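Peer 1: These protein sequence lines map, in sequence, to chains A and B.
For reference, each letter of the first sequence is one residue, going 1 to 377 in my numbering.
For reference, each letter of the second sequence is one residue, going 1 to 400 in my numbering.
Bear in mind the hints are in silico, worked out from the structure with no lab data behind them.
Be aware that one or more of the hints could be misleading.
[As the list claims (entries may be wrong)] Reference excerpt, derived from the structure (chain A facing chain B, CB under 7 Å, subset only): (1) Met1; (2) Phe3; (3) Pro272; (4) Ala278; (5) Leu287; (6) Tyr295; (7) Pro309; (8) Ala319; (9) Lys320; (10) Leu375; (11) Gly376.
Quick caveat: nothing in here was measured; it's all calculated off a predicted structure.
For glycine and all other residues, C-beta sits at the position ideal for the given N, C-alpha and C.
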Amino acid sequence: MDFSFTEEQDMLRILARDFLAKECPKAKVREMAKDERGYDPQMWHSMAELGWMGLIFPEEYSGMRASFMDLVILMEEMGRNILPGPFFSTIALCALPLLEYGRSEQKTKFLPQIAKGEAIWTFALAESSGRYKASEVKLHALLEGTNYVLKGHKLFVTDAHVADYILVVGRNGEGKSPEKGITLFIVDAKGPNVKMEAIPTIGGDRQFKVSFDRAEVPKDNILGEIGNGWDIVDFILQRAAVLKCAEISGACQAVLDMTSSYAKERIQFDRPIGSFQAVQHKLADMLIDVEAVQYLLYQAAWGISVGSPSPWQISTAKAKANEAYQRICIEAIAAHGAIGYTMDHDIGLYYRRVKAAEFAAGDIDLHREMIAIGLGL
Amino acid sequence: MDFRLGEKELALKEEIRKFAEAELPPDLVRSTVIDGEFRDFEFEISMSKKLAQRGWLVMSWPEKYGGRGASLLEQTIYEMEIAYWGIPGAWMGISGIQWIGPCLMLFGTEEQREKYLPLIASGEKDGIWCTGYSEPNAGSDFANIRTRAVRDGDDYIINGQKVWTSAAHRARWCWLAARTASNAAKKHQGISIFIVDMKSPGVTVNPILNYYGRHHFNEVFFDNVRVPASNLVGEENKGWYYLMQSLAFERRSIAPTTYGILKWILEELASYAGQTEYEGQSLSQNPVVRAKLADLAIDLEVLKMFAFQLAWRISQGQIPVYESSRNKIMGDDLMKRGAITGAEILGIYSQIDPDSEWAKLNGAIQGAYLGFPGQAIAAGTAEIEKSIIAQFRLGLPKSY
Numbered sequence: 001m002d003f004s005f006t007e008e009q010d011m012l013r014i015l016a017r018d019f020l021a022k023e024c025p026k027a028k029v030r031e032m033a034k035d036e037r038g039y040d041p042q043m044w045h046s047m048a049e050l051g052w053m054g055l056i057f058p059e060e061y062s063g064m065r066a067s068f069m070d071l072v073i074l075m076e077e078m079g080r081n082i083l084p085g086p087f088f089s090t091i092a093l094c095a096l097p098l099l100e101y102g103r104s105e106q107k108t109k110f111l112p113q114i115a116k117g118e119a120i121w122t123f124a125l126a127e128s129s130g131r132y133k134a135s136e137v138k139l140h141a142l143l144e145g146t147n148y149v150l151k152g153h154k155l156f157v158t159d160a161h162v163a164d165y166i167l168v169v170g171r172n173g174e175g176k177s178p179e180k181g182i183t184l185f186i187v188d189a190k191g192p193n194v195k196m197e198a199i200p201t202i203g204g205d206r207q208f209k210v211s212f213d214r215a216e217v218p219k220d221n222i223l224g225e226i227g228n229g230w231d232i233v234d235f236i237l238q239r240a241a242v243l244k245c246a247e248i249s250g251a252c253q254a255v256l257d258m259t260s261s262y263a264k265e266r267i268q269f270d271r272p273i274g275s276f277q278a279v280q281h282k283l284a285d286m287l288i289d290v291e292a293v294q295y296l297l298y299q300a301a302w303g304i305s306v307g308s309p310s311p312w313q314i315s316t317a318k319a320k321a322n323e324a325y326q327r328i329c330i331e332a333i334a335a336h337g338a339i340g341y342t343m344d345h346d347i348g349l350y351y352r353r354v355k356a357a358e359f360a361a362g363d364i365d366l367h368r369e370m371i372a373i374g375l376g377l
Numbered sequence: 001m002d003f004r005l006g007e008k009e010l011a012l013k014e015e016i017r018k019f020a021e022a023e024l025p026p027d028l029v030r031s032t033v034i035d036g037e038f039r040d041f042e043f044e045i046s047m048s049k050k051l052a053q054r055g056w057l058v059m060s061w062p063e064k065y066g067g068r069g070a071s072l073l074e075q076t077i078y079e080m081e082i083a084y085w086g087i088p089g090a091w092m093g094i095s096g097i098q099w100i101g102p103c104l105m106l107f108g109t110e111e112q113r114e115k116y117l118p119l120i121a122s123g124e125k126d127g128i129w130c131t132g133y134s135e136p137n138a139g140s141d142f143a144n145i146r147t148r149a150v151r152d153g154d155d156y157i158i159n160g161q162k163v164w165t166s167a168a169h170r171a172r173w174c175w176l177a178a179r180t181a182s183n184a185a186k187k188h189q190g191i192s193i194f195i196v197d198m199k200s201p202g203v204t205v206n207p208i209l210n211y212y213g214r215h216h217f218n219e220v221f222f223d224n225v226r227v228p229a230s231n232l233v234g235e236e237n238k239g240w241y242y243l244m245q246s247l248a249f250e251r252r253s254i255a256p257t258t259y260g261i262l263k264w265i266l267e268e269l270a271s272y273a274g275q276t277e278y279e280g281q282s283l284s285q286n287p288v289v290r291a292k293l294a295d296l297a298i299d300l301e302v303l304k305m306f307a308f309q310l311a312w313r314i315s316q317g318q319i320p321v322y323e324s325s326r327n328k329i330m331g332d333d334l335m336k337r338g339a340i341t342g343a344e345i346l347g348i349y350s351q352i353d354p355d356s357e358w359a360k361l362n363g364a365i366q367g368a369y370l371g372f373p374g375q376a377i378a379a380g381t382a383e384i385e386k387s388i389i390a391q392f393r394l395g396l397p398k399s400y
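One chain only, chain A, in its complex shape (with noise of 0.2 Å):
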């Protein structure tokens, strides 16, 4: 049992925190929140230089051969600090299931464009009900000629804006379970016939309704088998869920420390606050929910680093994450007063955006689910 990072490792993750301090400060979150794209495409382009797109690709496709343990540790750094824009999109929803079920052609057509930054991806997969389960797919798809024609809508796109390519999941036939008869489509985002329409979040992120009116897609981009998508749906969400939870680590650590520090300078009955038990014992518990996501995660990391993906693993960890994320957070307010209330307060911008990492991936229901079915029940 090993529980250290490697050297190689430790200085991803000062690189990456030094980048993101320099390029991405706080003030850069908050013109992003309001920016049209809500993405910087010169970091965009400077992330891209450093390799961090694709980072796990082979060199094949303009990649760095990292692990995926170096990808969680990367995704830590950026939940940190918040970065705005599509690389969980890219990266975690769509290059990693091309990586793993695209064919020879999509993979040299797709990845080098993508660790290059050029190209933006996102994942359409709820529709109204907002579940992530095979029954609740309805949008379809039927073949006409040498083209499918998708018909329906997808809600929650994150990044749908600014994507070139949409992967979606599809119905194109029933099977004896809601599983069979799934199909994941490589859509040209900016295509005829695909709409968007923004759905204003609470997050600052960018969220969409992106609806499919005949929209027609070549057989050929196709990811995977036809029917069988669904296989390719739980490893995008089981990758998924553990990368936001990467995020998700960051972020509880950046607010334990926002408010550590915080209650060390604040002076009330003339003494830190930090001095008071009761403001203490919230910051140890705070602490050992930050731990406890960490650890959860590198467990996780490492089973799918190593081929190995225990579902176990990934529910436990998500649900941990999307719980202590949430608990932090409002910890850490009431830990700071009324500043922690306002609008010049960094310490809202990690609130606002608890509810959109709980939701990515799985939400506490859904793990707890999968725990339930590991557990026997």
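Chain B: place on chain A using the hints.
Peer 2: Same frame as chain A, but now just chain B:
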């Protein structure tokens, strides 16, 4: 990072499973949390000897003291499995193995090590210890102890009173904290540690029953008890440092043990829910039951990782600063939640005496329910542990 268990650890798990199946009666009452080690003393000590014969009892100690030099990771796995199977007799008075032995290895003389460690390792009654820390005026404010040790020629003479002394009625030896300097600048600076033979004249042990009527702890009086100066541990007046180390050892073992107990409880609750019909469906189909058990499972996974992380850190030669406190808080909180959730799932059956044949899950839920408030106080309350984290991990000002 690497979270794999090695072949050694996997083999050990398997050996312990076989041992438990061969040695334990199937109806073994699972109320260890309230009873500590003393439910059926003769049976327990017979199990201690068997564990010793297997080389498990003090496995992480060096061979010359009766151990087999196992890693702390193996030790952690062993503690988890012992607790999971409910094997009694593993703690020899709940202090010799977990903290007195390890402290003697760090701070004792070679003569002390050679005398006391093999006794503990043997699993014999003469290897049972108790720990004399708390006093009527020294609970969380531990440095406030008044029991005094005064040098008299080659001896120290000890006078005073200890309380909540677990296992004093079974122990052959006491690991005693006493004041040796009354004029020290700070009250924690005048404390020393002594090894006291509980058969010495002037030692009186009175039982204190816990609220469930079980005899686990005691009050102990020391009336002019003579202790040879060679029984002083380490240096005079440096006892506080040894005490803090002993508490860190004690708090470390709580996470693996609690993990084992609760893992068994969780699995049994899942199987109980599957076998229990309510309103035409199995209880395991009930969404509330599913959510409650899943929530328990999530934090049990956290406890496991905390236990391994601490064992790993110590095995790297690092001195843990706050992790033992973190693990104790997590373990105690989870024991509480396990007991309460378990009782909710058993429903009206949760009130049955753990020894009754009516009891479900061999009385484990009632054992946990009655036991958790006591366990949560021993070795430091949650409030003390959180203050330790705040001060030593987060760098906040001292608050007491």
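Peer 1: Now tell me if each hint is right for this structure.
Peer 2: Consistency of the hints with the structure:
Annotation: interface hint on Met1/A holds; nearest CB of chain B at approximately 6 Å, less than 7 Å. A least Cβ separation of about 5 Å between Phe3/A and chain B falls short of the 7 Å threshold, and the interface hint therefore holds. For Pro272/A, the suggested interface contact is upheld, since its CB lies about 6 Å from the closest CB of chain B, less than 7 Å. Interface restraint check: Ala278/A against chain B, minimum CB-CB distance 10 Å, threshold 7 Å, status violated.
Here the hint on Leu287/A is kept, as its CB sits about 6 Å from the closest CB of chain B, short of 7 Å. Interface restraint check for Tyr295/A: the shortest CB-CB distance to chain B comes to about 4 Å, inside 7 Å, so the restraint holds. Checking Pro309/A against chain B: minimum C-beta separation of about 13 Å lies over 7 Å; hint violated. Hint on Ala319/A holds. Least Cβ distance to chain B is approximately 5 Å, under the 7 Å limit.
Residue-level restraint check for Lys320/A holds (minimum Cβ-Cβ distance to chain B is 5 Å; threshold 7 Å). The interface hint given for Leu375/A is met, as the beta carbon of that residue sits about 5 Å from the closest beta carbon of chain B, less than 7 Å. Restraint check, Gly376/A versus chain B: the minimum CB separation of about 5 Å is within 7 Å; hint holds.
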